[in-house]
Amino acid sequence: MTQPQALSVSDLETVYDALAIAIDQSGADKAELFLVKLALLNANALGDLELFKSHLATALADL
Amino acid sequence: MHTPTTEPRPSLYYPYEVFKPWLPSQHPAQARQKVVIAGSGPSAMVAALELARHGIASVMVTSELQFSQGSRAIVFTRRSLEILQQVGVADRMTEGGLPWRFGNSYFRGQRVFRMEAPHDPDDRFFPMLNVQQQYMEEYLHDACRTNPLIEVRWGNKVESVTQRDGYAEVRLDTPEGEYTLETEWLIDATGGRSVIRTGLGLPMEGASYEGFFVIADIKIDLPLPTERLAFFDPEWNPGNTVLMHREPNGIWRVDYQLPAGETPEEALRPESLKERIDAQLAMIGHAGTPWEMDWSSVYSARTLTLPDYVHGSVVFVGDAAHLLPIFGVRGANTAFQDAQSAAWHLAFVVKGLAGRELLANFSAERVGAAREIIEEAGKSTRFMTPPTRGFGLLRDAVLSLSLTQEFVTPLYHWRTSRPHEYTHSRLNSQGDDNALFTEGPAHGAPPQNIRLGANNFLLDHLGGGFDLIYFTDAPALPDSLREEVLAARARGVPLRVTAVGASHAVAGADQTFADADGHFRRRYGVRANGAAYLLRPDQHVCARWLTLDANRLKSALATALAPLAA
Numbered sequence: 001m002t003q004p005q006a007l008s009v010s011d012l013e014t015v016y017d018a019l020a021i022a023i024d025q026s027g028a029d030k031a032e033l034f035l036v037k038l039a040l041l042n043a044n045a046l047g048d049l050e051l052f053k054s055h056l057a058t059a060l061a062d063l
Numbered sequence: 001m002h003t004p005t006t007e008p009r010p011s012l013y014y015p016y017e018v019f020k021p022w023l024p025s026q027h028p029a030q031a032r033q034k035v036v037i038a039g040s041g042p043s044a045m046v047a048a049l050e051l052a053r054h055g056i057a058s059v060m061v062t063s064e065l066q067f068s069q070g071s072r073a074i075v076f077t078r079r080s081l082e083i084l085q086q087v088g089v090a091d092r093m094t095e096g097g098l099p100w101r102f103g104n105s106y107f108r109g110q111r112v113f114r115m116e117a118p119h120d121p122d123d124r125f126f127p128m129l130n131v132q133q134q135y136m137e138e139y140l141h142d143a144c145r146t147n148p149l150i151e152v153r154w155g156n157k158v159e160s161v162t163q164r165d166g167y168a169e170v171r172l173d174t175p176e177g178e179y180t181l182e183t184e185w186l187i188d189a190t191g192g193r194s195v196i197r198t199g200l201g202l203p204m205e206g207a208s209y210e211g212f213f214v215i216a217d218i219k220i221d222l223p224l225p226t227e228r229l230a231f232f233d234p235e236w237n238p239g240n241t242v243l244m245h246r247e248p249n250g251i252w253r254v255d256y257q258l259p260a261g262e263t264p265e266e267a268l269r270p271e272s273l274k275e276r277i278d279a280q281l282a283m284i285g286h287a288g289t290p291w292e293m294d295w296s297s298v299y300s301a302r303t304l305t306l307p308d309y310v311h312g313s314v315v316f317v318g319d320a321a322h323l324l325p326i327f328g329v330r331g332a333n334t335a336f337q338d339a340q341s342a343a344w345h346l347a348f349v350v351k352g353l354a355g356r357e358l359l360a361n362f363s364a365e366r367v368g369a370a371r372e373i374i375e376e377a378g379k380s381t382r383f384m385t386p387p388t389r390g391f392g393l394l395r396d397a398v399l400s401l402s403l404t405q406e407f408v409t410p411l412y413h414w415r416t417s418r419p420h421e422y423t424h425s426r427l428n429s430q431g432d433d434n435a436l437f438t439e440g441p442a443h444g445a446p447p448q449n450i451r452l453g454a455n456n457f458l459l460d461h462l463g464g465g466f467d468l469i470y471f472t473d474a475p476a477l478p479d480s481l482r483e484e485v486l487a488a489r490a491r492g493v494p495l496r497v498t499a500v501g502a503s504h505a506v507a508g509a510d511q512t513f514a515d516a517d518g519h520f521r522r523r524y525g526v527r528a529n530g531a532a533y534l535l536r537p538d539q540h541v542c543a544r545w546l547t548l549d550a551n552r553l554k555s556a557l558a559t560a561l562a563p564l565a566a
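First to last, the sequence lines map onto chains A and B. Residue numbers for the first sequence follow our numbering, so the first one is 1 and each next one is one higher. Residue numbers for the second sequence follow our numbering, so the first one is 1 and each next one is one higher.
It is worth saying that the hints were derived from the structure and are not from the lab. A few of these clues could be false.
Here are the simulated lysine to any residue pairs, SDA-like style, with alpha carbons at most 25 Å apart [to be verified]:
hint	chain 1	residue 1	chain 2	residue 2
1	B	K219	A	S26
2	B	K379	A	I23
3	A	K53	A	N42
4	A	K53	B	T263
5	B	K34	B	E17
6	A	K30	B	E227
7	A	K30	B	Q257
8	B	K379	A	L46
9	A	K53	A	I23
10	B	K274	B	G261
11	B	K379	A	L19
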């Protein structure tokens, strides 16, 4: 099931750039740690276990 | 020939007594026993004492001549103290023990989580009490050796067990050679390396975790309170965890995880121990404080259980039945509950008050408890010793976030050992009013202690059989209820009646508590005369009624002693 468009295109573009820059900032050996922290923060903000699980499945697909 | 050492074990604080071995040549031919208990640890001795309380004699055989080497189990929970109170050693435990209820988790020098275990004014015992295992064993042994129903045979090592029709043959080795002891029931309380379990070819189910922990006891004077200290990812031991506990007698327990790939032999070299303990002391700001090593050992985390604790004539308890991670103090604390449970179930079968199916209930309840513990302990263990790269990343992310984000700190929670609630036990009454109560311990729960006065609590007055707590301010129990109580006793069922809520002694009750302020009744969710709780011999609730009558009591006792097979 595809996600509804919740961010405006311009906000999505900002997220795209900001996340890329933050991954580079975290450094090669800390990028994973950084992304896991981010996922936990987002999961807590989401406040919806089922939605989070569906995100896990969506992100795992087509790797 | 079994030749246990007769040299007292080394210790900086505990004077070991070396007991004389029991030798078959000095005793007449051995009759078949009712119950033999193999082992001399906490579960063995609690089982022997609880059996004796129900009038059942036992012979305890142990390969050792001394108590446990090193402190081993050091943290005992409230429920463990309640069980030890039932077998008469709680006062000695609390006299020498260090009570506590706070735990602290540190990361990068910051305290990121503080656990506070609640201490209810109705509880006699603290949430946790630190006592070295040798002392606990000494107290239990003193109770065993003064009990005429318990015979302790030191230096008797179980070699093998053969199941016969209705009994077991136990082959024992002693310092003068072997002999055979027949017994109708054998309780295996010989611990994690049980040769009885392996000899019978019984496999355990579950998982073993990689990674070793060193346990070291050091004598040191540290000006710190009795609280659990956990240090995650310290600079001197990156990625790993270090734990500290205060013990009595000026001893501190230091546990630390070993870097991947390091062997236990390497880790236990004196130079290695010294370097790491010095580093830990430096990290907590006590570099250079003199210390002496008392005892050290290595363990790894395992979550394994037998799927059934009764095989023929053999009943398994404690580490012989299951291996649990020690994070969350689950070893001895689970063993006490196993032993208490096994003992009363077995006593009722031996006395002919119940059939073998009651023992199947013991197994079902305690295997269920072990599986619940494994489920809970698995969570702590996956945080303490992440088994995969993914779990390692999540743990590190939580550590990092915990410096600023409170929402992750519950993940530090220890999930400390707690008594299992037998919510779906087959011993629970089906036709009672359990679901109608809004307060109080429910089906299968351990009882809520009640402070009755200064140094006077409900649990001081219960145990040794079924307990009926009957709430009334009438002069007497109803006649039909009294008759039912007497009828149960006439069948041999031990049943004590405690009346609550009358300022006078209630006729037909064995004891009466006035409960002048109504506090007891409130905590038990009782609003009117005639309500009651029925507690099993391990004090767990098996029935409760808003209005009790003779038929309901009769039915509940029948269910508790003759559970229908699942």
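Which hint numbers does the structure go against, in order from smallest to largest? Violated hints (numbers, rising): 1, 2, 4, 5, 6, 11; every other hint is consistent with the structure.
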